[in-house]
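Student: Protein sequence lines correspond, in order, to chains A and B. First residue of the first sequence: 3, per this note's numbering; consecutive thereafter. First residue of the second sequence: 3, per this note's numbering; consecutive thereafter.
Do not take every clue at face value.
Each pair may be met inside one copy or between any two copies, as identical chains are not told apart.
[To be verified] Mimicking SDA-like on lysine to any residue, the simulated pairs with C-alpha atoms at most 20 Å apart in a straight line are:
1. 165 with 131
2. 165 with 240
3. 185 with 129
4. 182 with 92
5. 248 with 179
6. 133 with 89
7. 133 with 90
8. 165 with 150
These are computed hints drawn from the structure, not numbers from a lab.
These are the residues of each chain, in order.
2 protein chains.
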Amino acid sequence: MTTANPSKVVALSGGIGGAKLALGLSRIVPSEDLTVIANTGDDFEHLGLLISPDIDTLKYTLAGLDNRELGWGRCDESWNFMAALREVGGDDWFNLGDRDLAIHVERTRRRAGGERLTTITQDIAVALGVKPRILPMSDDNVRTFVESDQGRLPFQDYFVRLKCAPIVKALEFVGAESSKPSKEVEAALSDRDLRAVIICPSNPLISIEPILAVPGIRVALANCTAPVIAVSPIIGGRAIKGPTAKMLDELGIGATAVAVADRYQDLLDGYVVEGDDYEDCVAAGYPFAIEQAETIMKSLDDRENLARTVLSIADNIRSQQTLQSRAVS
Amino acid sequence: MTTANPSKVVALSGGIGGAKLALGLSRIVPSEDLTVIANTGDDFEHLGLLISPDIDTLKYTLAGLDNRELGWGRCDESWNFMAALREVGGDDWFNLGDRDLAIHVERTRRRAGGERLTTITQDIAVALGVKPRILPMSDDNVRTFVESDQGRLPFQDYFVRLKCAPIVKALEFVGAESSKPSKEVEAALSDRDLRAVIICPSNPLISIEPILAVPGIRVALANCTAPVIAVSPIIGGRAIKGPTAKMLDELGIGATAVAVADRYQDLLDGYVVEGDDYEDCVAAGYPFAIEQAETIMKSLDDRENLARTVLSIADNIRSQQTLQSRAVS
Numbered sequence: 003m004t005t006a007n008p009s010k011v012v013a014l015s016g017g018i019g020g021a022k023l024a025l026g027l028s029r030i031v032p033s034e035d036l037t038v039i040a041n042t043g044d045d046f047e048h049l050g051l052l053i054s055p056d057i058d059t060l061k062y063t064l065a066g067l068d069n070r071e072l073g074w075g076r077c078d079e080s081w082n083f084m085a086a087l088r089e090v091g092g093d094d095w096f097n098l099g100d101r102d103l104a105i106h107v108e109r110t111r112r113r114a115g116g117e118r119l120t121t122i123t124q125d126i127a128v129a130l131g132v133k134p135r136i137l138p139m140s141d142d143n144v145r146t147f148v149e150s151d152q153g154r155l156p157f158q159d160y161f162v163r164l165k166c167a168p169i170v171k172a173l174e175f176v177g178a179e180s181s182k183p184s185k186e187v188e189a190a191l192s193d194r195d196l197r198a199v200i201i202c203p204s205n206p207l208i209s210i211e212p213i214l215a216v217p218g219i220r221v222a223l224a225n226c227t228a229p230v231i232a233v234s235p236i237i238g239g240r241a242i243k244g245p246t247a248k249m250l251d252e253l254g255i256g257a258t259a260v261a262v263a264d265r266y267q268d269l270l271d272g273y274v275v276e277g278d279d280y281e282d283c284v285a286a287g288y289p290f291a292i293e294q295a296e297t298i299m300k301s302l303d304d305r306e307n308l309a310r311t312v313l314s315i316a317d318n319i320r321s322q323q324t325l326q327s328r329a330v331s
Numbered sequence: 003m004t005t006a007n008p009s010k011v012v013a014l015s016g017g018i019g020g021a022k023l024a025l026g027l028s029r030i031v032p033s034e035d036l037t038v039i040a041n042t043g044d045d046f047e048h049l050g051l052l053i054s055p056d057i058d059t060l061k062y063t064l065a066g067l068d069n070r071e072l073g074w075g076r077c078d079e080s081w082n083f084m085a086a087l088r089e090v091g092g093d094d095w096f097n098l099g100d101r102d103l104a105i106h107v108e109r110t111r112r113r114a115g116g117e118r119l120t121t122i123t124q125d126i127a128v129a130l131g132v133k134p135r136i137l138p139m140s141d142d143n144v145r146t147f148v149e150s151d152q153g154r155l156p157f158q159d160y161f162v163r164l165k166c167a168p169i170v171k172a173l174e175f176v177g178a179e180s181s182k183p184s185k186e187v188e189a190a191l192s193d194r195d196l197r198a199v200i201i202c203p204s205n206p207l208i209s210i211e212p213i214l215a216v217p218g219i220r221v222a223l224a225n226c227t228a229p230v231i232a233v234s235p236i237i238g239g240r241a242i243k244g245p246t247a248k249m250l251d252e253l254g255i256g257a258t259a260v261a262v263a264d265r266y267q268d269l270l271d272g273y274v275v276e277g278d279d280y281e282d283c284v285a286a287g288y289p290f291a292i293e294q295a296e297t298i299m300k301s302l303d304d305r306e307n308l309a310r311t312v313l314s315i316a317d318n319i320r321s322q323q324t325l326q327s328r329a330v331s
């Protein structure tokens, strides 16, 4: 049995793009009701430090500490560590701000001490003033690798060092098969009080699918009591940000809203797209609702409006399902 | 056989106090002729990083990058890492500046990769613009522990966290017995072209004696072809800086220039003291030369003058020894 007016919202998110909608959700959903499950497939070890880019982007965004000038990293940041590291010949292709660095050092120290990434993430998020809960998809290491025309590359080598220039032939989520969702992720997805699961407009290939590759999560989403709604990261054949369109093209999937819907179709109750993509998706004849909305989030209002729209779509779907199930019974 | 006009100078040094004389030496000895052997007994692992305080103080001082306002650490430093670390509840008793941190991260990464501390130290020093050679006393870990009225403490816990407040009962150099001097240290001390070995006015107990505790170094000093000259870190019963006097008192050694000379007496050809300490040392009847000089180094000129005095004392002793050996033969 689901509760009559379920309150809990779970969002699946990668970094920048997903965090925008997560921020919108955080402004209209009570903090204690919102959980964001974060991709850790692009976590990596660098300079001896454990770096979790998507978790940190979510933390900084939800704490209002994101760097809006740069569009990534932390606000009020300084770069003296990088300057000094460069001076002594250290690896400088991945920029680590002085403040940001503290998070990596503390996380690495606690992980080395045997603590779970979930616990560490929660403690740091609380300390930074994050109100909703951010959960790593798993406490186990899952690492995305890119098979490319320049060989097999750890994700951040492809993404940051080589600036997404290599042509992608395949993606691999090393460690995914033997990974487990944390008990917190399992509990969030099987909560009877679940109002909606939102798949944020993140890159499906490298942000959402690593989450879905953790055994049990895909099934948990398919079986959860709430509507699952995805927002397309592709609008009119283009990605708003990042290499999503380029990767979809190179893998022969096609950079269309329909192609993204295909990736999620076993999971969805609703799919939110913008502009002409609506007709294409309707024409595709999916067994789930296609909804139209403004999905480009430039302002804080845009983020909040999309969050409101997505939740209202979920609520509508749930009430229709309830009516249908009453009609059947 | 020694060479007629030997040119090489080796200094043994801890951090701040010793680095002052090392800087003075570096201004009058050609860079290629000066080697500073640094104490690594107060190295420690903190936040997952390998920190080598004395090596870094020497690097920064000899590169002109020392922080003269603070009296420790690196110039043009910022503290955003520490502020962010404090915010997330990290260990904040040991201050790590943003630029300084880069040295620790790079050293830790390279040590973890199996490189020797000697090689890493040399590369970083060169990159920072240090001209003389800085050699860790050993590539093996030696760690100073303080037996105190508050229990057995790792050195930096005693020194920084507890601000030298505990009463010292004994000192232990863990790992010293099984450590080896590096081949570079061995070569420096057995060089036939050695002009002088200078024991800088560092704390004998925690800066110089860990160096002497590395098997082979004490014997190499006793057997080396050059005069060994120590500068007393105690003047009129007081230490110029740091806990030297307090520690000598607590251990019942006594905070006097004579008590320090006693620690080194098997090694010395000359001992440099200031003021009334001269009479005391002469009265002690040591079999080595006692010399008087201004040993407090406030200005750069003071550093250079003391370095010049110490080298001239060494040169005098060597020519007398040469005369004596000619008289004997």
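Student: Confirm or reject each hint.
Tutor: Against the structure, the hints:
1. Taking CA atoms no more than 20 Å apart as the test, residue 165 paired with residue 131 passes in neither setting, with 32 Å inside one copy and 33 Å between copies.
2. Taking identical chains as interchangeable, the C-alpha atoms of residue 165 and residue 240 lie at most 20 Å apart only when both belong to the same chain, with a minimum of 18 Å there against 60 Å between chains.
3. Taking the shortest alpha-carbon separations for residue 185 and residue 129, neither the intra-copy value of 22 Å nor the inter-copy value of 48 Å comes in at or below 20 Å.
4. When the C-alpha separation of residue 182 and residue 92 is checked against a cutoff of 20 Å, the pair qualifies neither within a copy, at 35 Å, nor between copies, at 28 Å.
5. Proximity of residue 248 to residue 179 under the C-alpha cut-off of 20 Å is found in neither arrangement, the shortest distances being 27 Å within a copy and 60 Å between copies.
6. Only between protomers do residue 133 and residue 89 lie at most 20 Å apart by alpha-carbon distance; the minimum there is 16 Å, versus 39 Å within a single protomer.
7. Taking the shortest Cα distances, residue 133 and residue 90 sit within 20 Å of each other only across copies (15 Å), while inside one copy they are farther apart (39 Å).
8. Proximity of residue 165 to residue 150 under the C-alpha cut-off of 20 Å is restricted to the intra-copy arrangement: shortest distance 13 Å within a copy versus 55 Å between copies.
Hint compliance for this structure: hints 1, 3, 4, 5 are broken, all remaining hints hold.
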